[in-house]
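Position chain H against the provided structure of chain W, taking the given hints into account.
2 protein chains.
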Amino acid sequence: MNLILIHPHEVKDGVVRLVDRRARHLAKILHAQTGDTLRVGLLNGLLGSGLVREISREQAVLEVTFITLPPPPSRLALILALPRPIMLNRVLSQVASLGLKRIFLINANRVEKSFFSASSLAPAALEERLRLGLEQGVDTIMPEVTVHPRFRPFVEDYLPTLAADFPTRLLAHPDATASIEQQFSPSPTAGVLMAIGPEGGWVDFEVEQFHLQGFSNFSLGPRILRVDTAVPALISRVEQLLSYPTEKR
Amino acid sequence: MNLILIHPHEVKDGVVRLVDRRARHLAKILHAQTGDTLRVGLLNGLLGSGLVREISREQAVLEVTFITLPPPPSRLALILALPRPIMLNRVLSQVASLGLKRIFLINANRVEKSFFSASSLAPAALEERLRLGLEQGVDTIMPEVTVHPRFRPFVEDYLPTLAADFPTRLLAHPDATASIEQQFSPSPTAGVLMAIGPEGGWVDFEVEQFHLQGFSNFSLGPRILRVDTAVPALISRVEQLLSYPTEKR
Numbered sequence: 000m001n002l003i004l005i006h007p008h009e010v011k012d013g014v015v016r017l018v019d020r021r022a023r024h025l026a027k028i029l030h031a032q033t034g035d036t037l038r039v040g041l042l043n044g045l046l047g048s049g050l051v052r053e054i055s056r057e058q059a060v061l062e063v064t065f066i067t068l069p070p071p072p073s074r075l076a077l078i079l080a081l082p083r084p085i086m087l088n089r090v091l092s093q094v095a096s097l098g099l100k101r102i103f104l105i106n107a108n109r110v111e112k113s114f115f116s117a118s119s120l121a122p123a124a125l126e127e128r129l130r131l132g133l134e135q136g137v138d139t140i141m142p143e144v145t146v147h148p149r150f151r152p153f154v155e156d157y158l159p160t161l162a163a164d165f166p167t168r169l170l171a172h173p174d175a176t177a178s179i180e181q182q183f184s185p186s187p188t189a190g191v192l193m194a195i196g197p198e199g200g201w202v203d204f205e206v207e208q209f210h211l212q213g214f215s216n217f218s219l220g221p222r223i224l225r226v227d228t229a230v231p232a233l234i235s236r237v238e239q240l241l242s243y244p245t246e247k248r
Numbered sequence: 000m001n002l003i004l005i006h007p008h009e010v011k012d013g014v015v016r017l018v019d020r021r022a023r024h025l026a027k028i029l030h031a032q033t034g035d036t037l038r039v040g041l042l043n044g045l046l047g048s049g050l051v052r053e054i055s056r057e058q059a060v061l062e063v064t065f066i067t068l069p070p071p072p073s074r075l076a077l078i079l080a081l082p083r084p085i086m087l088n089r090v091l092s093q094v095a096s097l098g099l100k101r102i103f104l105i106n107a108n109r110v111e112k113s114f115f116s117a118s119s120l121a122p123a124a125l126e127e128r129l130r131l132g133l134e135q136g137v138d139t140i141m142p143e144v145t146v147h148p149r150f151r152p153f154v155e156d157y158l159p160t161l162a163a164d165f166p167t168r169l170l171a172h173p174d175a176t177a178s179i180e181q182q183f184s185p186s187p188t189a190g191v192l193m194a195i196g197p198e199g200g201w202v203d204f205e206v207e208q209f210h211l212q213g214f215s216n217f218s219l220g221p222r223i224l225r226v227d228t229a230v231p232a233l234i235s236r237v238e239q240l241l242s243y244p245t246e247k248r
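Chains as they are written, first to last, in numbering that gives the first Met the number 0: chain W, 0 to 248; chain H, 0 to 248.
For reference, chain W alone in the conformation it holds in the complex (with noise of 0.2 Å):
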């Protein structure tokens, strides 16, 4: 936890009191003292620091003031084949500390159905996990994730609205070719949108319907990866052209 996030409505008169899995991390992992200083932030709002004024395991106190802006989000939205319950959990926390914003997670040939039913889908868990990738990246702008039970509906009727919004549109294909420096705009600065298959990839049918809305596959090479190697791998390259396109070639 290197952030404290802190909810607008927990605070009152510049002060913060903490009952909750918060004061524990405080008193027990990072052993805080009454008078020092901790980075906090309030949730969808501005970074700054707490005061701590008292301190148990049962709570803790703190005097805080907000200052300074989180770091700029991600113009990354992602597609994700849902996947298993605790790779989703895990990968829900790396794309929150990776400063990703919008988070699709649809159904697909591949994806077992009963991962639909899983309790990590419930929105309180889900935000939970999205939380702790916020305090872990020092971030406060909570992500949305939206859930897609139909691969259907989604790509036909939701999603041709929503890539209009994204002039690069990328699908991680392991079948591709061509790498996903090939597939990037020389200069891009606007937002790019890419979808991530589950195990076992995207079913034919489902690469085109990506292509009828002007998705291009790419490959990372020949190495197939867990979905919490490929993600963080996958979103790296992607800010890394956004931060230094290469010549296209």
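Just so you know, the hints here were simulated from the structure itself, not pulled from any lab data. Check before you lean on any hint, since a few could be wrong.
Chain copies aren't distinguished; within one or between two, either way the pair holds.
Said to hold, decoys possible - Here are the simulated DMTMM-like pairs of lysine to aspartate or glutamate, each with C-alpha atoms no more than 20 Å apart in a straight line:
#: 1; residue 1: K100; residue 2: D164
#: 2; residue 1: K112; residue 2: D203
#: 3; residue 1: K100; residue 2: E143
#: 4; residue 1: K27; residue 2: E111
Below, chain H without anything else, positioned relative to chain W:
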């Protein structure tokens, strides 16, 4: 498991008899049947295919042929401040799946001393995690992992010889103002040696020691990433720069 990894001594007259977790995985997870052809690899050797002759939950008998080279190894070697055991296990599989072949697990001021007595550092435990990564990434070449429980002997005695093999030496450090692109030579064809610090980062003395060995600081930005997010993100960037060097700016 995208690859069944086989030790050379397990092959007799082109036939392999599996009786361990690989047989169970084939039967229970992959639902392999007699007559199926599966991807196999010889540890530290070629990739090939295995024809299923017999299959049950207790054993699988495969007729194997080995014909193609494994994917090219990464030119990146990784120095990693030893993470906590659960993270170490995850990261070892990640780096093996990403094709790294040399990993140096070192001590640092902010590494908890107890991590060096973890059972996950036993040679058999390390190899097991690396095998999982090779099976995931469809590779056969076992990475070399060395463990260095004392920082000074590592940097003073071991690192000078090691560093001489790597013209590009990068130190991931949150305080750095340079990006990884700025620290990269325009067209590197040789290897890259990258050092990633512990939670909380390197201390000043450690940074100085790496500088003495020709390392340059860089940062991915203001966000603090967990090691299982930072490692694939950083490796992916280096791989991209090795494949598509940007102009130095």
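Hint check results:
no.	hint	in the structure
1	K100 with D164	within (14 Å within a copy, 41 Å between copies)
2	K112 with D203	within (19 Å within a copy, 51 Å between copies)
3	K100 with E143	within (6 Å within a copy, 38 Å between copies)
4	K27 with E111	between (39 Å within a copy, 16 Å between copies)
In this structure, none of the earlier numbered hints is contradicted; all agree with it.
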